[in-house]
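Chains as they are written, first to last, in my numbering: chain A, 1 to 863; chain B, 1001 to 1242.
Bear in mind the hints are in silico, worked out from the structure with no lab data behind them.
Any given hint could be a false lead.
Taking beta-carbon pairs under 10 Å as the criterion, some of the chain B residues facing chain A (in silico) [stated by the list, open to error]:
no.	residue
1	A1026
2	R1060
3	L1064
4	A1071
5	S1087
6	R1103
7	R1109
8	A1160
9	A1202
Rough simulated footprint, nothing fancy, chain B against chain A, three-plus residues with beta-carbon under 8 Å [what the hints assert, rightly or not]:
no.	segment
10	404–418
11	482–491
12	771–779
In this text, a Cβ means the ideal position worked out from N, Cα and C, and glycines have one as well.
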Amino acid sequence: MLTLYSLTIMTEQTGAIRQAGEGRAAETLPAAFAAWFATRGWSPRSHQLELLAKARAGKSVLLIAPTGAGKTMAGFLPSLIDLTEKPRRAGHLHTLYISPLKALAVDVKRNLETPIAEMGLDLRVETRTGDTPGNRRLRQRRDPPDILMTTPEQLALLLSYPDAASFFGSLDCVVLDELHALANSKRGDLLALGLARLSRLAPQMRRVGLSATVAEPDMLRRYLMPQLPGRESLSEIIIAPPGAVPQIRIMAASPSAEDPDTEARIPWSGHSARHALPAVYDAIGRNRMSLVFVNTRSQAEYVFQELWHLNEDNLPIALHHGSLAVESRRKVEAAMAAGTLRAVVCTSTLDLGIDWGEVDLVINMGAPKGASRLLQRIGRANHRLDEPSRALLVPANRFEVLECEAARTAALEGAQDGMIARDGALDVLAQHVLGLACSAPFEPDDLYTEVISAAPYSAMTRDTFDRVVNFVSTGGYALKTYDRFARLRPNRPLEGDRRLRAASPSVIQQYRMNVGTIVEAPMLKVRLIRRGKRPMGGGGGRYLGEIEEYFVDQLTPGDTFLFAGRMLAFEGLAETEALVSIGKTGDPMIPSYMGGKFPLSTHLAARVRHMLATPSDWGSLPTQVGEWLKMQQWRSRLPREGELLVETFPRADKFYLVCYPFEGRLAHQTLGMLLTRRLDRAGARPLGFVASDYALAIWCLRDVGLMAERGQLPMDELFAQDMLGDDLENWLAESSLLKRTFRDCAVISGLIERRFPGKEKTGRQVTFSSDLIYNVLREHEPDHILLRATYADATTGLLDIGRLGDMLKRIRGKIGLQRLDRVSPLAVPVLLDIGKESVNGEANEALLSEAADSLIEDATRLV
Amino acid sequence: MPHDLFETPGIEETAKPVATLRVNGAMVEALPEGALWWPAERMLIVADLHLEKGSSFAARGIALPPYDTRATLARLESLIARLAPDSLVALGDSFHDRLAGERLPEDDRAKIRALASRTDWIWMEGNHDPLPPEGLGGRAVSHLAIGPLRLRHEPQPAPAPGEIAGHLHPCAAVHIRGRRLRRRCFASDGQRLIMPAFGAYAGGLNVLDAAYDDLLPGLSFHAWMMGAKSVVPVAATRLSAD
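Work out the full structure, taking the sequences as your base and the hints as a guide.
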C-alpha cells in the first residue's frame, strides 16, 4: 500500500505535465511527514500531494487511480496532517472511512498504523464492523477514535442512534473506498442517504472518493456532492496515471511453442473449459503464484477438482469462495500471504481490495463478461505500477473466444463498461427513513430536502417520498386500517410538535435487526458425517460451509455433488443443515453449473457484434473459430453492423427461430418469454425457448420462416417495441422472477423480517409467505409503492428490461431474416444448450400435471 | 435455459379440474380453490381461513397488505355462487386470533353476514378461535357427524374413519425434471382426509413432517396437490420432505 513512486503525471483538469519530486514534497509536507517519507526512501506521488492541496482548500475530491498507486494513503494523508497540525479535540471523530468489505477496513487500518507508529503520531484508529464486540462499540460511541473504519451498514446503524448528531457533529472528512464498486447499487443508495445525513450533521465535512478507473467519472463526482434542485454539483477530480498496460493472452488464440494446447478442440458450447485444463495446469506450473478466477461457486468446485486430478507434481493449489466456512477461507488467505501456495481457484470474492500475496498470473476461466471486471481481476496480479500485470483468458466455447478477444482489446485500450444510470431504490429509502426516526424526530419537509440532496434520489418527487414515509409508518395501503399500529408517531402532538419518531422500542429493535441491503439467498450449513450415520439430535460432524437451499432442494439421499473441493454424497436434512458423507470418486451425479452469474456487458456485446461484422479482424482468432465464422458466411450469413440477424430452419419435427442480439442471458430470457406470447397469438404454436448470452432460440410447431415470407408474421411487428407494454404486464403477473425480486424488496424495506441464526424461520418459509403477500398485493393494490420498487429492480436486474428496450429500439427496421433449410453453424451452440439445463420458471403447471401422469393409475385405483 | 411453455397433448386430459375421491365410502370432490365439495349433501367444506392474519402481524409492527380477508372471502363467494351449497362448514381457525373480530373491517364483516345468510353457515370451533366473533351470522358447533363423515377441526391420532379435519395446513413437495414443486394439498388415505388451509396468508406444513405420523401412518396415502386449475394426486412415496 505504501510503495510510493515519483511520477510524471498529467491531470485531467489542467492538462499540465509536471514533475512531482522531492523538492515539492518538502514544500508541501510538514517536516515530520517529509522525514518519514525520506527514511523510507520514498517521495509522495503527485496525486497524493494534489489531493492534499485540495483538502487544505476544503474541497471534496474523487481520486481515480490504478491498484498499487498509493490511493488509500492519498485519501488519509490530509487527515493525518490535519490531526497533527491542529490541536486535537479529544473524543471527536475526525475522519470516517467506509469500505465495501469489512476485511478491507481491517486491512487498511493495519496499513495505516505503520506510518502512525513510525512518526509517533498521537492518534487513535479503530474499526467497527459486524465482528466488533458490543462493549467496544458502546465505548466507541461514548469516546470516538480520531479515525473510524467501517462499512455502509455500520454507518446506517450509527446514524440510527439518538447520539448520532453529537457523534458525527465534528466530522471533518469522510473517505469512501472502492467507490466504483459501491455507487451504482442498493448499498450505494444506502451510503448516499447516509452521506446526505452526515452533511446535515457536519456541514463542514469534506468527502474523498477513491475509485478504480471508470467509464463515467462524473457519475461518481456527482455522487460525492450534495445536490441542489435543478443544479448539478460535481466534486473535484484527480486522475492518477494508469499503470503499465497489462499483458493478456487468450488460450488457444495465439499459436506458439509455449502453448502446447493450441490444437485442442474448442467446444461449440458449454462452460466447463475442460479441454483447456491441462494447459491451465501447465501455466500454473510455470508461474510462482496464480489466481484462477471463475464466475460461479460450482464452477470453482469443478475446476478445482479437475486440476486436482491433473496435479501430478503435487502443487499446492487451494479453493476460495464465499460459501466455504470462514476458517477455511482464512487459512487459504494466510497461506497466500505467506507465499506457500501456487494457485487459488476463486470466485469474485477475491475481485476486490485486499492483497494476499505476490500473484504473478491471473487466469480467467470462461469469458470475463465485462471489460471492467476483467481489468479489476487483472489488477490482482502484481501490485507494482511499473510492471505489467499478466493475464491468461481461457474461453470455454467458441462464442467465448470472441468475447475474450473483445475483452482483451478493451482492456488494452483501458476501456471500461458504462454504468447504467438508475434511480435510488425506494425499499432502501424506506429502511433509511425508519433508521432516522429511531435516531431523532424528523420533519418530513426537511427530510425530503435532505434525501433529494443525495445524488441517486435527486429526481424523486415529493409525492413518492410521502408514500415511502407512509409505507414505513403503516404500510402505505389505500385501505387505511393500520393507523393504530403505526410505526411512526408524532413526537409531542399535544404541544404541537408533529415531527415523526419511532413509535416504540420494539420498532427500533426491529430496524436494528434488519439493517442492510444484502439479502442472501437462503443457505443451509453443510456438515460432514459418516456414511449412513445420521447423528442423533443436532451437532456432530465437521462444518464445511454453506450451500444454497435451492440446490439442496434438488437432491435426494445418495446423490453426489462437488463442494469444498470434495465429492460429497447427500445423506439428508437435519433442521437447517445438509448432512453429507464423502462420496465415491467419478463424475458427480448432480451437475451444478448454473450458467454465468453476470450477463455479458453492453460494452463487450457491442464489440463482439462489431467483430462479427468485420471479417478483416478475424486474423487474431484461432483457426477453428475463424473457420466456424466462414462456414456461417457460406451457409447463412453473419449479422451486419447494427442489424439483428434472425434465422429460421426446420429440424426434426419442429421449426426453429434463432436470433442473435448479444444482449446477455437475462435480456434474452425476457425477450424469449415475450416473443413466445406473440408467436402463440400469431398461431405459430411455440413450444419452448432457450437463451444464452449471445442468442435466443425458439421452437414452434408451425414454419415461422414460411409465415414470415407470406407476410403472416412480419418480423418488424414480431420484434416491435410495444411488446414491453401489455405483453410484459401480462407475463409479469405470473413471473416467478418478480416474486423473488419482491421478496428482496420486502426484506430491505422492512415489510418482512430478515432471517437470523437461532431465530430460524427457514428461507423456504420466507419465500412461501412473501409469494402469498405478493399475490394479494398485486391483486388488490397494483400501484403500491413496494410493487413499484420491485418493478424498478426487475427492470434493471433479473429481467433487464431497460437493456431489452434499448435493443428493440436499435434494431427497428434493421432485422435481417434468413430462411434456411437446416441449422446454421452460428445456431449450433445455443441449440446444444437445449436439454442441458433443467426446465425453469414458468412451466410448473405443466410439470405438476406430469407428476400426476406417471402415477395416475395408482391414483385412480384409490377412487 | 430451456422453457417448456405448454403442456404436452395428452397430459391435459388426465389432469381434471376436479379430483373425485372416496373417504370412508363417501364421494367427495377436491376443488383447485382448496375447498371440498360433498355433492350428496350439497355441502361445501373449507378449513383454516385465518381471517385477519394480516392485521394480526400489523399489530406486531409488520404491516402486511390488509387485503387477505377480502381475498379469502372473494374466493369463497365465487365458490358459493357457482355451487349454491345447502350448507357451508368452516372447519375452525376461521379467524387468526381471538381479537380478529375487533379488527375486521366493516365491509368484510358485512360480506360475511351476506354470505352466511345465503346458506346454512356452520362455524366449527378451532384452537385459534374457540368461538366466532358475534354478529356475523351462522351457527357454531364443536364437531359434526353426517353419514360416514366426521367433521372436526383437529385430526384425532387414533384411527378415525371418515374424519375430515384441517388444522395442519398440509402441503406437499415433489421433484420432477430437476424442479421442485411445493403446493398446498389435500392428504388422504381413503379413510380420513386432511384439508389444505384456505386462507390467503396461511402457510403450509409438509405432509411428510412427523406431525402427520400418527394420522397417516406409513406412506400409503396420497397428496392431492393444488395446481392453478386442477388438483393432482401424487402418491406419498413420490413426495419429498422439506
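Against the structure, the hints:
1. Checking A1026(B) against chain A by beta carbon gives a least distance of about 12 Å; that is not within 10 Å, so the hint is violated.
2. Hint status for R1060(B) relative to chain A: holds, with the closest Cβ pair at about 8 Å, below 10 Å.
3. Interface restraint check: L1064(B) against chain A, minimum CB-CB distance 6 Å, threshold 10 Å, status holds.
4. The beta carbon of A1071(B) comes within 5 Å of a beta carbon in chain A, closer than 10 Å, and the hint placing it at the interface holds.
5. Below 10 Å, beta-carbon pairs count as interface contacts, and S1087(B) has none with chain A, the closest being about 24 Å; its hint is therefore violated.
6. A hinted interface residue such as R1103(B) counts as satisfied when its beta carbon comes closer than 10 Å to some beta carbon of chain A; here the least separation is about 7 Å, so the hint holds.
7. Hint status for R1109(B) relative to chain A: violated, with the closest Cβ pair at about 12 Å, above 10 Å.
8. Annotation: A1160(B) was flagged as interfacial toward chain A, and the flag is violated, the nearest CB pair being 18 Å apart, outside 10 Å.
9. Taking 10 Å as the C-beta contact cut-off toward chain A, the hint placing A1202(B) at the interface holds, the least distance being around 8 Å.
10. Coverage of the segment 404–418 of chain A by chain B is violated in this model, with 0 residues showing a Cβ closer than 8 Å to a Cβ of that chain against a need of three.
11. Interface restraint, the segment 482–491 of chain A with chain B: holds (3 residues with C-beta to C-beta distance below 8 Å; minimum three).
12. Three residues within the 8 Å Cβ limit are the bar, and the segment 771–779 of chain A against chain B gives 6, so the coverage statement holds.
Checked against the numbered hints above, the structure violates hints 1, 5, 7, 8 and 10; every other hint is satisfied.
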